Amino acid sequence: MATTTPKKVVVKRGYSLKLAGAPAETLQQAKRSETIAALPSQIPFIKPKALVKEGDIVKIGTPLFLDKQDPRVQYLSPGAGTVSAIVYGERRRLDRIEIRLDRDEQHIPFSLFAHDEIAITGREALVAALLERGVWPVLRVQPFGVVPSPDVVPPAVYVSLDQDDVFLPQSQMVLAGKEACLRAGIAALKVLSAKVSVAMRAGNTALASVRDLITHEISGVYPAQSPAVFHYHAKASAAENTAWTLDLAAVIRIGEALITGKYPVSRVITVAGHQQAANGYFDTREGAPVSSFVSEQPATRYVAGSLMSGRKIAVSDYLAFDEYALVTLPEGQEQQFLSFVQPGFDKYSFSRAFLSALLPKKAWTLPTTLNGSHRACIECGACTDVCAVDLYPQMIMKQIEAKDQEAAIVLGMLDCSGCGLCTYVCPSKIEVADIIIQGKAKVLKELRS
Amino acid sequence: MKWIRDAFHKMEPHFSHEGKYAKWFPFFDAFYTFLLSPRAVTQKGPHVRDALDSKRYMGIVILALLPCLFFGIYNAGYQASLVEGTVPAFWELVMAGAIKVLPIVAVSYAVGLFWEFLFAIIRRHEVNEGFLVTGLLFPLVLPPTIPLWQVAVGITFGVIIGKEVFGGTGRNFLNPALTARAFLFFAYPAQISGDVWIAAKEKVVDVYSGATALAVSATTQLPNSVTEALISHGFTWEKLFVGFVPGSIGETSVICVLIGAFVLIVTGIGSWRTMVGCVIGLFAMAAIFNLLVPVGTVGALALPGYWHLVMGGFAFGAVFMATDPVSSPSLHASKWVYGILIGMLTVIIRVINPAYPEGVMLSILLMNVFAPLIDHVFVRRQLRKRIPNVI
Numbered sequence: 004m005a006t007t008t009p010k011k012v013v014v015k016r017g018y019s020l021k022l023a024g025a026p027a028e029t030l031q032q033a034k035r036s037e038t039i040a041a042l043p044s045q046i047p048f049i050k051p052k053a054l055v056k057e058g059d060i061v062k063i064g065t066p067l068f069l070d071k072q073d074p075r076v077q078y079l080s081p082g083a084g085t086v087s088a089i090v091y092g093e094r095r096r097l098d099r100i101e102i103r104l105d106r107d108e109q110h111i112p113f114s115l116f117a118h119d120e121i122a123i124t125g126r127e128a129l130v131a132a133l134l135e136r137g138v139w140p141v142l143r144v145q146p147f148g149v150v151p152s153p154d155v156v157p158p159a160v161y162v163s164l165d166q167d168d169v170f171l172p173q174s175q176m177v178l179a180g181k182e183a184c185l186r187a188g189i190a191a192l193k194v195l196s197a198k199v200s201v202a203m204r205a206g207n208t209a210l211a212s213v214r215d216l217i218t219h220e221i222s223g224v225y226p227a228q229s230p231a232v233f234h235y236h237a238k239a240s241a242a243e244n245t246a247w248t249l250d251l252a253a254v255i256r257i258g259e260a261l262i263t264g265k266y267p268v269s270r271v272i273t274v275a276g277h278q279q280a281a282n283g284y285f286d287t288r289e290g291a292p293v294s295s296f297v298s299e300q301p302a303t304r305y306v307a308g309s310l311m312s313g314r315k316i317a318v319s320d321y322l323a324f325d326e327y328a329l330v331t332l333p334e335g336q337e338q339q340f341l342s343f344v345q346p347g348f349d350k351y352s353f354s355r356a357f358l359s360a361l362l363p364k365k366a367w368t369l370p371t372t373l374n375g376s377h378r379a380c381i382e383c384g385a386c387t388d389v390c391a392v393d394l395y396p397q398m399i400m401k402q403i404e405a406k407d408q409e410a411a412i413v414l415g416m417l418d419c420s421g422c423g424l425c426t427y428v429c430p431s432k433i434e435v436a437d438i439i440i441q442g443k444a445k446v447l448k449e450l451r452s
Numbered sequence: 042m043k044w045i046r047d048a049f050h051k052m053e054p055h056f057s058h059e060g061k062y063a064k065w066f067p068f069f070d071a072f073y074t075f076l077l078s079p080r081a082v083t084q085k086g087p088h089v090r091d092a093l094d095s096k097r098y099m100g101i102v103i104l105a106l107l108p109c110l111f112f113g114i115y116n117a118g119y120q121a122s123l124v125e126g127t128v129p130a131f132w133e134l135v136m137a138g139a140i141k142v143l144p145i146v147a148v149s150y151a152v153g154l155f156w157e158f159l160f161a162i163i164r165r166h167e168v169n170e171g172f173l174v175t176g177l178l179f180p181l182v183l184p185p186t187i188p189l190w191q192v193a194v195g196i197t198f199g200v201i202i203g204k205e206v207f208g209g210t211g212r213n214f215l216n217p218a219l220t221a222r223a224f225l226f227f228a229y230p231a232q233i234s235g236d237v238w239i240a241a242k243e244k245v246v247d248v249y250s251g252a253t254a255l256a257v258s259a260t261t262q263l264p265n266s267v268t269e270a271l272i273s274h275g276f277t278w279e280k281l282f283v284g285f286v287p288g289s290i291g292e293t294s295v296i297c298v299l300i301g302a303f304v305l306i307v308t309g310i311g312s313w314r315t316m317v318g319c320v321i322g323l324f325a326m327a328a329i330f331n332l333l334v335p336v337g338t339v340g341a342l343a344l345p346g347y348w349h350l351v352m353g354g355f356a357f358g359a360v361f362m363a364t365d366p367v368s369s370p371s372l373h374a375s376k377w378v379y380g381i382l383i384g385m386l387t388v389i390i391r392v393i394n395p396a397y398p399e400g401v402m403l404s405i406l407l408m409n410v411f412a413p414l415i416d417h418v419f420v421r422r423q424l425r426k427r428i429p430n431v432i
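Here the protein sequences come in this chain order: G and C. Throughout, our numbering is defined as the position within the first sequence, counted from one, plus 3. Throughout, our numbering is defined as the position within the second sequence, counted from one, plus 41.
Simulated from the structure, these hints should not be mistaken for lab results. These figures come from a predicted structure and were not determined experimentally. Treat the hints with care, as some may be off.
Facing chain C, from chain G, some residues (calculated, C-beta under 7 Å) [what the hints assert, rightly or not]: (1) R75; (2) Q77; (3) N244; (4) G375.
Think of the CB as a built atom: it goes at the ideal place given N, C-alpha and C, for glycine as much as any other residue.
Required output: the full structure, derived from the provided sequences and hints.
Right, here's the structure in full:
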């Protein structure tokens, strides 16, 4: 099969934060965990119902909870042992299912698929196989980023192998040793949809071994490599608005579940940020406890996932289904006297309003300070200059605040990729991205009611 | 400075939600955050934020205005000395100018901030930094002889009707400083136009009329050459460019305006598109009028664009007034159209309209009104290029 030259995708806007604290690219083995957890509340837009009780014995692959909206979509246990705690949050929300692990963990066995078998498996059988192996929920459908319905054939699938966020695992580290899984995953996606597009960063020589899979090359800065941004720039028509989007780790999980016949639990994560001693790449597992990577330090914030869109967590927490990074940030900062009249060599900004623009540092350690107070939008235009999907975030934000959902949708609200740059650059400290994400969630809620 | 920080930390609980003086929180917060960077941290992603905030943003605009302010202070003293027939030393001129200008600035800030604080306390929000700029822009577009009570009334109108009535910062559709000036212009025309540009104690030198360049150009009729008329009144292009001529406090020196423009453009705070658009529109309309000289009567039809550039308040208006981000359009493309229309309308009002020698203020205000429409046209154009993603 001849490979055609990959199409070029150029993402004009975006912003790459020059951050210190990226981990060195050597894989370490994570400490053995005593307890892990599944976090149903971190799967977007599902209504989880527990299938186990405290004290139940589970194996890797035992169904732990399902989505009441579609009970066929089950979430399997990432560990074998005893269910030690089921924790409910506000309004009886199923927050956490903790499992105390056995010394020797057992798997629920599923049938194996040889790579060649995947391509000839019928769609229905493959859908059933993915549901059975608990990897259906790694799939995401646009525009809302929810788990897709098993009944709907997607118009297209957009896979982006690379990663712009330097704190998240880079593709060559994730792919190492898992190439067969990636190929099996792509083969499965090709059965599930007529059009599968696979992108990598333009000029990325580290992915040379899988060049034959690549259909697109993306150039640009964060968030250019994001699957949602890839989808926006590559979609051919309005019919593709409801395409699936996946990153490298998701495709590997699908492939691994099919060719190993086991629910895939191992994953590569990064620990990054200012707590340098803890930083690195770790071979660990889904649901690993945060405490096995970092210890509680004063004035430190811990974030699971990306520092742009991730979740603030405690050291006593666990990494969720879709979390592949742990980021440490200095919490707060000493107050500065007359800070706004200082020359600002030590201030990092997208604008050129500080003298740091003349002598930029190579790598910055940013604390969690808001760096200002909340103000009204002054139409500075910074959010528009960084939006990778060509939106006018401030206009969408204003329409949402004015409760004009129709106008917000017409402006392209549903194309928002959730990268968070609009909020990052806003001098009025408006939570633009969050307002838009909540606006999208409201549309989804109304669609489902 | 640790003692300042500790003092504020001790006071902070009294002004918080449950504190005894909770109502006065905006007052406390204004001084607290002016002196010390706020302690607030992010609550959700993105967990880190850009260093630019509203105070820095407005602070840069104020920095950009300072050359015009300092020049205006000196020039007010200098112009007065020309009429009084004296030749004082440099510092005496500065003092003479300061005595006229600084009270105007002080009244503008004091009265304006009074209204800002009042609205902040009533509406229960923090005092916004926008007024730090408006409070300085307003004096710079007034003559140095303006009565202080008019400064107070003008800024009151500008802050209340130009901004607060619409919901405060970010919600005004007109430039508040310009609205304040327009109010004074129409309500009390005698003290803001005519023979008001020189703050002299007494007119000793009769031959010095104190007329501005715009006044000279407005009264010149064809076939007399308007540039010759200007030069004979002492208004060479070079003198207008440097700015030692009568006029509003901050508008005369194009050099100082250009320094301010440089600061605004280099920092990315002021839109260069608006500024350049204004210049393009100005030159275009002047060129069109130049073509109409054979069929016109007004001398100013022949005035070349580069003269319009250095006369009156055009340079100041294009750089500092038109670029107000809230009242200008949002899109880059819109800013070009907005700027070009401002430049064209300025020349039209200056040349054709006998009632107004200066057209910048009115053209900016009218284009402020048009800004949403210009945006609407360009947004629709952009949206047509997207694949629609609607439910």
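Hint check:
no.: 1; hint: R75; result: 25 Å, violated
no.: 2; hint: Q77; result: 28 Å, violated
no.: 3; hint: N244; result: 5 Å, holds
no.: 4; hint: G375; result: 3 Å, holds
Checked against the numbered hints given earlier, this structure breaks hints 1 and 2; the rest are met.
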